[in-house]
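A.B. asks: These protein sequences, in sequence, are chains A and B. Read in order, the letters of the first sequence correspond to residues 30 to 277 in the numbering used here. Read in order, the letters of the second sequence correspond to residues 36 to 350 in the numbering used here.
The hints are simulated quantities; they were obtained by calculation from the structure and are not laboratory data. As the structure is a prediction and not an experimental result, all values here were calculated from the model.
Below 30 Å or equal to it, Euclidean Cα-Cα: the simulated DSS-like pairs (lysine-lysine) are:
(1) Lys171(A) x Lys337(B)
(2) Lys170(A) x Lys337(B)
(3) Lys94(A) x Lys142(A)
(4) Lys337(B) x Lys174(A)
With the Cβ distance kept under 7 Å, some of the chain B side facing chain A (calculated, not the full set):
(5) Ser208
(6) Leu212
(7) Met227
Derived list of chain A stretches under chain B, where covered just means 3 residues or more per stretch with a C-beta under 8 Å from a C-beta of chain B:
(8) 93-106
(9) 109-123
(10) 135-148
In this text, a Cβ means the ideal position worked out from N, Cα and C, and glycines have one as well.
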Amino acid sequence: MILLEVTKLSKEFDGLRALDGVSFTAEGGEILGIIGPNGAGKTTLFNLISGIYPPSGGEINFQGKSLLRLKPYQVSRLGIGRTFQIVRPFQNLDVETNVLVAFGHHVYSSLWKSAGPFRQPEIQKEVRALIDKVGLQPYFKKIAKNLPLGFKKRLEIARALALQPRLLLLDEPSAGLRFEESAQLMELIRQVRDQGIGVLLIEHNMHVVMDLCKRIVVLDHGSKIAEGAPEEIRSNSLVIQAYLGKEA
Amino acid sequence: MFLSFHLTLHPLRLKVLKMISGYLITILITILIYAMLAHSLNLITGHAGQISLGHAAFFGIGAYTSAMLYAEAGFPFWISVPLAAVVAGIVGALLGIPCLRVRDDFLAITTMGINFVVEAIFLYIPFFGGAMGIGGINLPKWFGREMTKPEYFFLILVAFVLLLLLDRQLGRSWIGLAWASVREDEQAAGAMGVDVVRFKVLAFILGSAIAGLAGGFYAHFLTFIMPQNFGFGQSIVILCMVVFGGIGTRWGPIVGAVILGILPEISRPIMEYRILIYGVLLLAMMRFQPGGLLGTESILSKAFRRTFNRLSSSG
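Only chain B is shown next, with the shape it has when bound in the complex:
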């Protein structure tokens, strides 16, 4: 009440506030999409232990699928975005089956290669819009009007919460157990009846599909996409978030996405040297806190445990 009264008196202020909230919601949506990406990479790299340096490729495949279905073929958002996940998942399966048979160190290089090839396809094949990219992608419609950005934020948030619930379910299932065994020791996992290749491919498909979904949301939010949005640098940014927050933990990648997502917004210099700063952070984390911010052995987790123990013993 007070606020609205205040605002009606100062139309200029209203405008400024609107600008700030518009800026804020843009950052929030960006971070949420990064969180979804980090979460999806964590499925592949954290849970199943398969390194991927080309995750942005599947983000891009999702974004382009959704954009083209929407802007060129006229499909509604509610169909184009789920299809983005499906297509990214299918491409993930096709690429994952041969790739995941190779040794770990080859996998890093192969996935990196996939990223460059996918980016090049978007860039050089006119069908995909070339360097000009694809435009004319809008926010979804509901109740006969276009969604506002805050509404769109909540839509993505709901999808993400559902994905986290799925993740929890997987963590309690035999699939989660099989992934853990593959991550720890492939040969021993095989000797325990775990079909190693199959479970690796499953993680790759799920991770790719979720990245594709994030791509769909991203395209409709940006309204205009270009090949550069989905390059190797983007893959490294996603990987940094996962490693920074805590690889293999449920909340770590999300925390990583939030912190590394906000960082460039705080100051211009950070924005300009973003990749450099991320790279240094990645190296520092690998050296001093390889488990990430929320890893079981991290300073933060130990401090939490100490505090908790003190509280529970004194109470």
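So that you can see chain A by itself, here it is in the shape it has in the complex:
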């Protein structure tokens, strides 16, 4: 089942083409890797899907609904969760409250419902379960800014999962992590996939990408230069060129 369909998506920043006619589809229960050298347009792609800025051209469809013109809060309410390349937890709130904020996604549309209390036993239980799932239970009441980077990244994933998403956009989740931390995170992403959630994964660590993804999209200078299974990507001459440069 096709979850996300991106068609000829383009974005220009003051004449600079950050993204140029990129098309691909993503499905539920699948981890789609998105790789490419720095400046290839990977994060721009995420920002377009999540509504941070509007595309210059093209179309984004999520479960048959166009995401063009939608604001970030509307996109997230439809069931698209995301993490950020440079982590942005709510720094001065504790772990529990960080996750709680996202649980409100279904009440924020109504001012009346928003006036109700957020401490409800069922929600409390779900928050706890989610924090257990990402392995942050010992840090339940810790202020987010005091957590090490690896935990902040997990917190961001817990927060995104609290949206009960159908699609998760993960922007370099393993960057800056030690090997074991990264391995734990990958296990978590696998679990998420096994729940049937679609995952778009931007990642620089080739081991991680090759290991996790059945399908990979390669971007370079804003264009898609390859798409396929890890083996095909590894031997694709365009991809090798993009990463290593042209032979002299």
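Model the placement of chain B on the given structure of chain A, informed by the hints.
C.D. replies: Leaving out everything else, chain B in the frame of chain A:
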């Protein structure tokens, strides 16, 4: 009994006591109104994280609304003051919707501009009484007579307590949570389903309405208002109280209002250099105690916690 006996014997003393109590109640009412103002600014700046350098504008809009409805249109106090809150809230919405879409640093300048424009409108448009201001505003009537000042003090106090209860309720609601997320990180809040602009505007409307209510109470207490009561300096005084007491805390702004409200009454020199002293205090707080007197990281809070821990461990 003893006191009344004493007083009947000394009519001169009675007069002096009356003067002192009259002075005292005037200060108490002034501080209470400042506390309400600081509390309302804290909603916008503390809870939702939106800087406002023009809060006195909404204080003024409330005061002028109430004064004109009462003195010119003949509405009773009990209608003019609630309407002051409504009008200030509506103007807050109209100004807030475009302003809150701009970046933080622009918001500071925009709100400052609003303050100057509002003050100028009161000053230069004859309809609002110009530099002469508006007079003939009285304390409210009840039981067929005018309220005494102590009674008026308790009336405002009751209103303020209700507002604090509302604040507590908001703090426990999804609205409070959404405000906290907006204050921390707008982009991340948006990614969590929080309609950032809407919640910012909500805080602005509520804060403006409460400032308008305080303005209504203020007009009927002063009985005479002028544009200068609601200038940029007044906005900075309110902001100082919030920052001094502890921005974002429930009791901090009130403590700030009480301390900074009493300070000028203690001595004349402080009164004369009030704005200078407030400015220095503001800078010092920003440098050494950015969380304010009651902020979680302040010396005072830490001392409280230490004492509490010692007491609870020894008991």
